[in-house]
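Visitor: Protein chains in written order, with the UniProt record's numbering: chain A, 1 to 360; chain B, 1 to 483.
Some hints could be false.
Cβ pair distances, simulated, as ranges [unchecked claim]:
hint	chain 1	residue 1	chain 2	residue 2	range
1	A	A202	B	F199	39 to 47 Å
2	B	I124	A	Q295	41 to 49 Å
3	B	G251	A	G171	57 to 65 Å
4	A	I189	B	P237	44 to 52 Å
5	A	G249	B	I124	42 to 50 Å
6	A	L69	B	A143	56 to 64 Å
7	A	T198	B	R123	17 to 25 Å
8	B	D101	A	A350	40 to 48 Å
9	B	P398	A	T203	42 to 50 Å
It should be emphasised that the hints constitute simulated quantities derived from the structure, not laboratory data. Each residue gets a CB set at the ideal place from its N, CA and C atoms; glycine is no exception.
Residues per chain, in single letters:
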Amino acid sequence: MTAAPEPRDGDPTVAVISDGRDPAGVGRPWVPAGRPATPRRLRAKSNAADRVFRGGARASGFTVLVIMLAVGLFLSLRAAEALKAVGFRFVTTQEWQPDTHRFGIAAVLTGTVLIASVAVCFSVPLSTGTALFISEIAPRWMKRALVTLVDLMAAVPSVVYGLWGLFFLQGQVVGLARWLSTWFGWIPIFAVDGADPTNPLATASVYTASTFIAGITVSLMVAPIQCSVMREAFSQAPPGEREGAYALGATRWGMVSAVVLPFGKGGIIGGTMLGLGRALGETIAVYLIISPVFQIQPHILQNGANSVSALIALRYGDASGFGMSALMAAGLALFILTLIVNFTASSIVARSRSGAQSEV
Amino acid sequence: MTIEPQAIEPQGIDSQASDSPASDSPASDSRASDSRASDSRGSDSRAIDPQGSEPPAVVQPGGNGSAAVAGAVPAAESTTLPVRPLAGAPTRRDLRVFRRDDWLNLCGALASGVSVALLLFGRIAPLSGVLGLIVVAYLAFLAAYALLVRLGGDGPQVRDRIWTVVLYSAAGTLMSGLFLVVGFTVVRGASALHHPNFFTQDLSDAGPLDPLTVGGIEHALVGTLEMITIALVITVPLGLTCAVYLTQVGGFGSRFVRTVVEAMTALPSIVAGLFIYATWILILHFELSGLAAALALSVMMLPIIIRAADVVLRLVPGNLREAAEALGAPRWRTVWHVVLPTARSGLATSVILGTARGIGETSPVLLTAGYTTFMNTDPLHGPQVSLPLATFELVKSPQPTMIARGFATAAFLMSLVVVLFVLARAVGGRAPGQPSSRQVVRNAQRSARDVIRFSRRPAPIALTASRVNSHSADDTSGETREF
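Please take these sequences and the hints and turn them into a complete structure.
Guide: And the structure:
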């Protein structure tokens, strides 16, 4: 309960205000004479129930803090053991044989980043377009339905996307992958070793279980998150500026490109990076689709890929004590990467004009 | 950007109107000042308002002395509207975004795009594949559409139409992706889904070659429900009180807690599972169980729920809280009676969406729950399995019946998520401070009770100096009565 403090003697506020009328008596607003009135000090006297409430809330905040810090500290401590053993080679080694002290994240981290990049390349045009469509073009009834569907899409479990990628997408994309590698194979990332475009009977298996397919699957998972962040930013574009553009004779696209897109730039970048953070940490869909290889595989269309989370899911069962610590180190590396990406994203969104009031 | 030629027209009228007083300004002193005023107004309106909706006040050019007197009276009486030139009365512009020829353009372009693609794939070029056909047809359609729009419009119009079509197709692609994923799962799982034993049996009797009439996923359903219940029992009280701490109590450390929670939303779910596996199972030597999986899910869900609840609680209008405090309510009463009821629908939504995330998560469960085909209702002992984990293990098997069961499990899991989602929409979706109809009724009942309670109390006594003193003494004793 907040109780007003009782007036005390010598309190300047009370002393000055005691006579409310102005001395001249001409009705001018009263101006404090002498020392300026300082704001009153408000002291709330809390009773027992309030103290219990505050204490309880603090305790739960503290518990959460302890749990979260325990996760972080435990990860770092266990990871330190493995990192001490191999030192800097942890970043440059491609193999994963912890028991012979030959392990590193060069291959898996590259694979993770490649899969996430493919995912973002596919998801950003889709999500930007959908967000613009929802905020600028769609009629009201369609807008509500689309927002619900996009949110629902974000809630579909990742294992379902994994199934779809494995059983449906793989068969459809092989043709595209073959076409890309045949005509654009001179670009290094589209090259496929062991492919023979001149042989019509060649097996399609070199194109399966690749970074490309995993990336497309993950792109469908991250697109809804990106879309909702971008839609939020676009819908806040000031109506005055929109109408200004229309009044100057702009077409709708002219208005969008001159007002909405510059306004929502922070939302686009922030949403993209938030999706990237999700894509980096995705496990099950990637694990279902790829066939793991422990070497840097820059050919995204070719069979074989890897990611940090798939590595953990693959190797946790048969890991020795030291192997577990090595997996912890890999998990920590992934965590730090997603942490950097997420914090960059939220600071970009918060600093942009559209994100000043919004929450990511 | 296009500027229609009609838009320039009013400017001509405007300049004509403001010219006329300037021409006879030397007539008299008062007229001169008047004309200066109207002239400047005229040029102003020309500068900022090219449409010239309100012509400036103009003194009749043919006026005599009486007009000079009229210059002093309010301008409204001496205003005359300029006569519009009637030559070629302006037709109303059609402001609709989509006209009939646009429809025709669209249909024509669509037809030509499809024909070009079919021609290329069927006759001319050695191309094949459904995906390629769609892509080629789309590109041909875009080119044809640009050409058709260009025939009737200029560059900006072409760009507008093309981008509109592109945005439509982006939304269409994303939505068709969603429907493909959902539809494919349901279709592949339909063969297992329509056997009732799928929901009433576990998989222990189903051998690799047994038909779909044997075995089901009841054990996974029970496992999922138990795990998510334990996880919710841990996360909901902890998460909500932590969010209350962050927004309502604050003070030293709350910022740090918020930063750490925000950082932990980036924790990949498999790392949460790995943490529980390494501590709970390898160091503390507990067995793989539903409880361990629930703990891993809690570590993953806690930051999500806290963050969402934090956002919702921060949206509670400050004046509601201030009103409660001004009435003398202690902080916990403010939170319990004002803040939490106001934000209730949002809080429910955040919990339900966190549940939906937790229910569908596979990787923490994969590491900590083990896998079994038997029914295990005890979450503390023995391996348990959840729906996503069962899906994952079933589709790894080579038998088509097992794969069909996996798809059916995924479809069932998805329907569970959809139910949760619909629930979240029904409960939430209202901004804080907008009560549901039942809340309105309840509030009305409560205030009716309050009226009765107040009327039973003794009538307030006029405040005298002694009463004021006793009151303030009362207040500082730290007691609040009815709030």
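Visitor: Are the hints correct? Go through all of them and say.
Guide: Verification of the supplied hints:
In this structure, A202 (chain A) and F199 (chain B) meet the distance hint of 39 to 47 Å, their C-beta atoms being roughly 45 Å apart. Checked against the hint of 41 to 49 Å, the pair I124 (chain B) and Q295 (chain A) passes, with Cβ atoms roughly 42 Å apart. Range check, G251 (chain B) to G171 (chain A): Cβ separation about 58 Å, and the 57 to 65 Å hint holds. At roughly 50 Å, the beta-carbon separation of I189 (chain A) and P237 (chain B) lies within the given 44 to 52 Å, and the hint holds.
Between G249 (chain A) and I124 (chain B), the C-beta spacing of about 43 Å keeps the proposed range 42 to 50 Å intact. Judged by the Cβ atoms, the range 56 to 64 Å given for L69 (chain A) and A143 (chain B) holds: they are separated by roughly 58 Å. Checked against the given bound of 17 to 25 Å, the beta carbons of T198 (chain A) and R123 (chain B), roughly 23 Å apart, stay inside it. Checking the proposed 40 to 48 Å range against D101 (chain B) and A350 (chain A) shows it holds: the Cβ atoms sit about 46 Å from each other.
At roughly 19 Å, the beta carbons of P398 (chain B) and T203 (chain A) sit outside the given window of 42 to 50 Å.
Hint 9 alone, counting from the list given before, is not met by this structure.
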